[in-house]
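Residue numbers (the numbering used here), protein chains in the order written: chain A, 289 to 579; chain B, 289 to 579; chain C, 289 to 579; chain D, 289 to 579; chain E, 289 to 579; chain F, 289 to 579.
Note that these hints are calculated values from the structure, not bench results.
Accuracy of the hints is not assured; some may be wrong.
Stated by the list, open to error - With a straight-line Cα cutoff of 16 Å, these simulated EDC-like cross-link-like pairs (lysine to aspartate or glutamate) come out:
#1 A:LYS347 x B:GLU564
#2 C:LYS492 x C:ASP413
#3 D:LYS301 x D:ASP371
#4 B:LYS355 x B:ASP428
#5 B:LYS462 x A:GLU480
#6 B:LYS462 x A:ASP445
#7 C:LYS307 x C:ASP386
#8 C:LYS462 x B:GLU564
#9 B:LYS347 x C:GLU480
#10 C:LYS388 x C:ASP370
#11 D:LYS322 x C:ASP413
#12 E:LYS529 x E:ASP300
There are 6 protein chains.
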Amino acid sequence: MKNIDNTFMSFDKSYHEAKIVYFGCPFDGTASFKKGALLGPEEIRTASFGLETYSPYLKMDLEDDTKIIDVGDLNLQVMSLDDVLNEIKSFTQNILTDNKVPFMVGGEHLVTLPVAEAVFEKYPDLQVIHLDAHMDLRNDYEGDKLSHATVMRRIYDLVGPKRIYQFGIRSGTKEEFNFSDKYCIPNLFNLEKMADLTSQIGEKPIYVTIDLDVLDPSIFSGTGTQEPGGITFNEMIEGIKNLKGLNIVGADIVELAPNLDLSGVSTACACKVVRELALIISDNLRGYING
Amino acid sequence: MKNIDNTFMSFDKSYHEAKIVYFGCPFDGTASFKKGALLGPEEIRTASFGLETYSPYLKMDLEDDTKIIDVGDLNLQVMSLDDVLNEIKSFTQNILTDNKVPFMVGGEHLVTLPVAEAVFEKYPDLQVIHLDAHMDLRNDYEGDKLSHATVMRRIYDLVGPKRIYQFGIRSGTKEEFNFSDKYCIPNLFNLEKMADLTSQIGEKPIYVTIDLDVLDPSIFSGTGTQEPGGITFNEMIEGIKNLKGLNIVGADIVELAPNLDLSGVSTACACKVVRELALIISDNLRGYING
Amino acid sequence: MKNIDNTFMSFDKSYHEAKIVYFGCPFDGTASFKKGALLGPEEIRTASFGLETYSPYLKMDLEDDTKIIDVGDLNLQVMSLDDVLNEIKSFTQNILTDNKVPFMVGGEHLVTLPVAEAVFEKYPDLQVIHLDAHMDLRNDYEGDKLSHATVMRRIYDLVGPKRIYQFGIRSGTKEEFNFSDKYCIPNLFNLEKMADLTSQIGEKPIYVTIDLDVLDPSIFSGTGTQEPGGITFNEMIEGIKNLKGLNIVGADIVELAPNLDLSGVSTACACKVVRELALIISDNLRGYING
Amino acid sequence: MKNIDNTFMSFDKSYHEAKIVYFGCPFDGTASFKKGALLGPEEIRTASFGLETYSPYLKMDLEDDTKIIDVGDLNLQVMSLDDVLNEIKSFTQNILTDNKVPFMVGGEHLVTLPVAEAVFEKYPDLQVIHLDAHMDLRNDYEGDKLSHATVMRRIYDLVGPKRIYQFGIRSGTKEEFNFSDKYCIPNLFNLEKMADLTSQIGEKPIYVTIDLDVLDPSIFSGTGTQEPGGITFNEMIEGIKNLKGLNIVGADIVELAPNLDLSGVSTACACKVVRELALIISDNLRGYING
Amino acid sequence: MKNIDNTFMSFDKSYHEAKIVYFGCPFDGTASFKKGALLGPEEIRTASFGLETYSPYLKMDLEDDTKIIDVGDLNLQVMSLDDVLNEIKSFTQNILTDNKVPFMVGGEHLVTLPVAEAVFEKYPDLQVIHLDAHMDLRNDYEGDKLSHATVMRRIYDLVGPKRIYQFGIRSGTKEEFNFSDKYCIPNLFNLEKMADLTSQIGEKPIYVTIDLDVLDPSIFSGTGTQEPGGITFNEMIEGIKNLKGLNIVGADIVELAPNLDLSGVSTACACKVVRELALIISDNLRGYING
Amino acid sequence: MKNIDNTFMSFDKSYHEAKIVYFGCPFDGTASFKKGALLGPEEIRTASFGLETYSPYLKMDLEDDTKIIDVGDLNLQVMSLDDVLNEIKSFTQNILTDNKVPFMVGGEHLVTLPVAEAVFEKYPDLQVIHLDAHMDLRNDYEGDKLSHATVMRRIYDLVGPKRIYQFGIRSGTKEEFNFSDKYCIPNLFNLEKMADLTSQIGEKPIYVTIDLDVLDPSIFSGTGTQEPGGITFNEMIEGIKNLKGLNIVGADIVELAPNLDLSGVSTACACKVVRELALIISDNLRGYING
């Protein structure tokens with residue numbers, strides 16, 4: 289692990305006490321241009337101290353209502369891609385072995401793959417909730433099977449058909465949209481259908497991956513591939529509220545490149561998404577295994 | 289007063305003729321970081337000349353439908369905080385003595401306090417309409433009783449319970465939200481309930497304070513503490529339209545830090561809010577004391 | 289023509305084969321301040337390669353569903369205004385003579401005038417659909433009859449009363465709003481009434497001019513005169529979908545100044561508007577003369 | 289002429305009284321990329337008010353020791369190149385007819401040509417002092433005979449061999465360096481040989497043209513073509529001091545693009561060069577015709 | 289005192305042990321425009337950790353060769369100017385009472401005044417070494433006797449004629465240059481004559497004040513009033529080396545506005561000046577009272 | 289190799305014909321903060337087309353006087369550090385086997401190591417000329433033996449004592465300066481002693497490594513660790529001229545981070561250094577093995 293000066297605000301429980309383990313994967317090695325996602329985890333921690341611990345949306349407070357430890361960042365620089373993925377996967381496996389929930393912050397979207405792999409190995413009936421502007425369902429991208437643009441296809445290879453619930457998607461090739469129609473559960477342009485998740489998924493274990501570029505670039509320009517036509521921040525909050533009661537066994541947020549938005553607004557969004565997600569998972573945990 | 293090169297566009301009546309006195313309080317002394325609110329009044333004046341005088345929202349025109357003088361800015365630099373507040377208060381008292389409506393542009397939110405004090409002394413049954421992203425109801429902030437983060441609490445100390453109508457609030461401590469529930473009239477996240485103001489307040493005298501950070505940072509990033517999840521500019525316009533007919537005896541807009549948004553969009557928003565507010569107050573005045 | 293390195297993505301048909309001719313008018317000579325619209329055409333081409341060819345909104349693909357050639361930019365620098373307008377007009381006339389649809393990308397809004405003139409000469413019953421933040425109906429602007437602020441008035445002089453359908457307008461003088469009420473068909477603030485266009489216009493020939501500043505500056509700050517209170521990108525897409533089936537015989541998008549939005553989001557918006565407009569016009573063409 | 293808000297500081301004599309006429313040529317139409325030189329004249333005027341009127345280098349004061357009028361800028365937008373050049377030339381001719389010295393501020397370097405033409409017509413034995421990073425001696429540039437890259441060649445065509453004294457040059461083609469060796473008087477890299485000008489030129493009439501990119505980009509990055517290895521600001525001052533006593537009958541400074549150096553340092557340099565040049569020409573005039 | 293996170297690198301001795309007391313005066317209240325000098329002290333501390341402790345210029349090391357404590361910053365915000373000056377003066381008096389050398393970092397230049405006053409009271413034969421781009425010898429500035437533009441005149445009022453050795457000056461009014469000629473010891477444009485200081489001043493007590501804008505803006509653009517024609521960083525180092533052996537009883541550096549130079553180079557310069565000055569004063573102290 | 293759109297200007301010979309092979313190592317994996325050196329090679333190529341092929345300093349022309357091929361960049365992303373170094377070394381070995389001179393452009397300084405290793409294996413009596421602001425002679429940096437801060441120590445391990453000629457150094461620990469005194473040939477602060485290189489080294493084979501941060505940050509701010517007090521661009525040119533006649537068998541320039549200097553001046557410097565170095569090596573080659 290790399291040393292960090294601060295944890296995310298209030299993610300300061302002991303490892304023993306914690307039910308959720310928050311960790312960073314500062315990696316953007318397959319990003320083709322407009323890099324910077326590797327700076328995300330550190331910026332989010334620093335900016336979190338401008339945040340209130342209380343969420344008026346959920347009427348919960350990080351101080352009172354969560355048991356989370358921020359263990360810092362994995363050291364992923366100057367390594368082969370295989371080593372990067374293995375490092376993340378084995379780190380996640382340890383968290384799962386200790387019966388804690390992994391909550392990862394990227395980094396580019398490819399870092400979701402090894403986390404999801406480890407979670408899937410423990411929960412073979414895993415369902416995946418995927419918020420994103422992009423399909424990420426290409427079979428390969430410029431010849432590479434492992435890329436930010438193929439990550440959901442690789443996860444599909446793992447979990448199989450009709451297990452990936454996609455929301456907010458507004459960009460992809462015709463082939464990707466066709467693939468999603470056939471093998472995933474696509475919900476384009478917005479998050480409205482997240483209201484149906486409870487009835488669709490029930491108590492099955494769930495992995496949530498949020499590519500923050502699902503947000504409209506008016507509020508979230510700090511990302512490598514900006515796609516106008518995205519959701520508002522309030523729609524994101526509504527979406528997260530619809531996760532209430534679900535059996536979330538792993539989660540991540542990815543693709544903040546803070547260097548691309550010097551105003552700091554993108555990072556502020558990311559911080560609040562982390563807060564809300566941490567609160568909702570903590571709340572859900574009370575009804576499930578870790579509660 | 290400091291010399292100014294220009295008035296706000298069309299705020300060019302004589303003092304005698306004017307029914308509304310517009311003045312700037314360029315002060316950001318208690319701002320903890322990301323300063324710049326002291327640059328607000330001057331930038332708004334300069335940018336106002338890019339504005340049309342006609343409002344298609346209200347179908348009124350600054351040229352024809354207002355009688356306002358922009359008297360310039362108070363000189364508030366290198367003074368003790370007590371002197372700053374006294375200077376603003378006594379200046380406001382003079383305006384009120386002359387039976388004109390004070391319309392102040394900040395500066396950080398603390399400058400609202402002395403204006404509201406002067407107005408309250410003249411109108412003891414004063415109601416306060418408060419648009420903001422933040423509660424600003426802390427009893428003290430890092431030990432200080434007088435701060436941008438405590439300003440509404442100090443105003444509460446003045447006017448007492450159930451007099452402060454809050455709109456658009458989306459950030460604060462748990463204690464602030466509880467305090468507001470008990471002693472104020474909180475309306476979180478949006479301005480929808482402003483439609484009820486006429487029936488709630490009737491003809492009682494009203495002070496309107498607009499912390500511009502109530503706007504979403506997608507459109508208003510030029511402020512010290514950006515809170516995603518705010519209102520759109522159109523919702524702001526709708527809110528202002530809902531002030532129609534109310535007995536507004538004082539008003540302010542605060543917390544534009546133009547240096548934090550080099551695109552100029554935040555300042556453009558502030559200019560239009562000034563225009564709409566000036567038009568609606570002018571219209572209301574016809575039915576009240578100054579008309 | 290100026291040499292260009294690339295065409296807009298997929299606008300690569302031969303002139304013979306093409307049904308739509310896309311060309312740039314890099315000109316911002318009458319812009320009073322905040323120049324940069326002359327950089328628009330080149331930036332849009334470059335950024336188009338970050339776009340997918342497939343539109344999930346229209347379920348069409350530039351590769352399969354359009355026949356467009358991008359012929360590059362007219363060379364309009366260091367010329368008298370008369371020569372600029374003549375050059376554009378005669379270039380458009382050639383396109384029309386060859387029975388192809390001109391699709392122009394500006395440049396400031398004045399470049400719409402010569403294109404519309406040429407189209408009007410061929411289609412004397414031309415209707416004009418005008419999306420904009422501004423009326424652009426002044427009779428003259430600081431003494432000039434030919435200006436970005438007068439362009440729609442000049443087009444009115446051409447086509448006559450009740451032929452210009454205006455959408456999204458939110459800024460202008462009182463006189464302009466009155467003029468529009470009397471002689472145009474104004475729809476303020478949003479594009480909702482575009483749903484009625486089919487029934488209003490039927491099969492009459494239509495020119496579509498989109499001043500991109502109709503978009504809210506939260507998503508489109510890269511333009512010379514930013515007007516808060518604009519439409520969202522999704523509302524723009526809905527508006528374009530409402531053009532389905534109309535007999536569009538000419539079109540343009542204008543007023544992207546990419547230098548004013550370094551984040552690249554404004555240019556990304558422009559690229560998608562070009563894609564959607566190209567697809568909808570191509571689709572419509574199948575039912576009309578060029579199909 | 290375009291209206292200007294301010295003159296350059298202290299250039300406020302009446303036309304009758306003035307011995308030097310300062311005017312701006314805001315034009316950058318032949319600049320290939322990195323435009324902005326047309327913003328130079330206005331920025332220099334505004335920034336001049338941050339300057340002291342007293343020069344410790346020359347121990348003279350603009351207030352006491354000059355008689356200059358700043359008449360504003362020529363309006364050169366949206367004109368053919370021929371019209372631009374004719375406009376500048378005839379304006380300069382008027383100044384010369386009134387027996388005043390033209391002092392022009394650009395704009396790109398091509399605007400020097402018409403000023404030099406007018407001056408040459410009055411003074412057929414004109415010598416030219418040329419400070420620049422670039423030779424500007426190409427016979428044509430991408431096919432154009434009239435360009436910022438050919439301007440000194442065109443002036444050569446006018447004045448003939450061994451009349452152009454070049455200083456500070458550090459960039460050009462091999463052909464340009466050969467041409468200069470043969471037909472001009474080149475002094476590369478620095479201004480040291482300006483000390484010999486008095487003995488070389490004597491009392492012959494002189495035109496001074498200063499392309500500010502002769503300064504090193506460490507101090508002057510606000511120009512379209514930056515060439516490391518330039519002179520320091522103090523070397524520029526020494527160079528100007530070496531103009532003492534010469535019979536300067538016309539002068540210009542060109543190629544400040546203030547938008548390319550947001551720190552303002554380049555503009556500050558330009559202001560001081562104007563001040564020093566104005567003082568030295570004024571001093572010289574006492575010994576010549578206009579004194 | 290305000291809390292600080294870090295001291296300047298290696299300024300970490302105990303107060304008892306320290307011979308030099310380093311403290312910040314974050315104040316820019318009289319700055320007319322381009323503010324930011326109040327951010328100087330904090331930025332210098334943070335950036336100091338990118339510095340080596342060893343100086344190859346002096347062949348000394350902060351770790352081994354200095355005994356300095358950085359006690360943090362005075363809290364000078366929202367105070368009257370009188371209180372600001374009194375606070376600084378009385379703080380400096382305490383340091384002097386404890387027989388330590390005050391080393392202050394500003395802030396705008398006016399903060400030098402109270403430090404110099406306290407030092408002068410202890411050392412009535414005080415000589416002042418003044419490095420600056422500006423004379424700062426106005427009797428008043430826009431009516432104010434106390435200003436960054438009058439600070440050296442106020443110090444002159446204190447110490448009397450021929451006590452202020454000025455170096456690097458290149459801007460001022462004619463009156464200021466005349467005043468300096470008569471009552472100070474001016475050395476314009478560069479620091480060369482600092483080599484004579486030892487012979488001129490001998491063992492008399494000396495206060496050194498360095499307005500960092502004496503550096504050329506090519507290397508130091510992070511200051512409110514940039515004056516091209518300044519000294520290089522190496523000339524600054526040479527100047528400081530010429531202080532060797534002098535009896536320095538107080539010192540300051542002022543006028544870094546780090547927000548005006550986002551590249552960080554200006555702050556890097558300031559850090560190195562602090563290091564060199566700390567080393568030279570420490571070295572000198574061995575020969576004088578505190579050694 | 290990664291695809292590149294362009295070669296460096298005029299480096300367009302065939303591999304067979306070329307005597308010098310220019311290649312990029314876009315790697316900054318050990319950079320601690322302020323990354324961006326991996327963007328150097330691409331930016332230098334693009335900017336090279338703003339350069340003239342003729343050097344007035346050397347009176348040679350890239351077109352006529354060099355035989356160089358730019359073969360593009362090695363692909364060094366998402367690899368272990370060992371693989372990065374091996375890749376570079378074996379690539380260099382191939383060039384040397386073909387009896388061509390490797391000319392590498394970084395990247396951070398560590399990429400010099402594998403190139404120097406390969407060259408040393410071919411030329412065991414290799415001498416190293418090292419231009420840099422920093423000693424880079426630490427034995428380890430934060431525990432790592434392989435780092436940009438240790439690269440010259442690793443090369444020392446290879447070539448042994450009194451083989452490394454250092455120039456321009458102005459920063460390091462006391463230990464590094466002592467080590468250099470003992471085991472290298474240090475020339476601090478400037479390049480003046482490069483005039484003695486011919487007599488010192490004679491015809492021995494030489495590797496030249498230029499860390500561009502040897503330049504003063506006034507002209508070269510685009511680098512990770514800026515050190516005021518560096519050399520001017522003209523001193524760099526003089527230094528390179530002093531390489532005339534030497535037997536250079538390998539060379540590199542490193543540490544341009546173009547993202548840290550948006551003005552483009554740093555990249556312009558790098559381009560000219562490449563041009564001058566290419567010309568001088570080409571000229572020297574005529575007298576040695578490859579000529």
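Going down the list of hints, with the structure as the test:
no. : hint                : verdict
1   : A:LYS347 x B:GLU564 : violated, 34 Å
2   : C:LYS492 x C:ASP413 : holds, 7 Å
3   : D:LYS301 x D:ASP371 : violated, 29 Å
4   : B:LYS355 x B:ASP428 : violated, 39 Å
5   : B:LYS462 x A:GLU480 : violated, 29 Å
6   : B:LYS462 x A:ASP445 : violated, 45 Å
7   : C:LYS307 x C:ASP386 : holds, 9 Å
8   : C:LYS462 x B:GLU564 : holds, 15 Å
9   : B:LYS347 x C:GLU480 : violated, 20 Å
10  : C:LYS388 x C:ASP370 : violated, 25 Å
11  : D:LYS322 x C:ASP413 : violated, 44 Å
12  : E:LYS529 x E:ASP300 : violated, 24 Å
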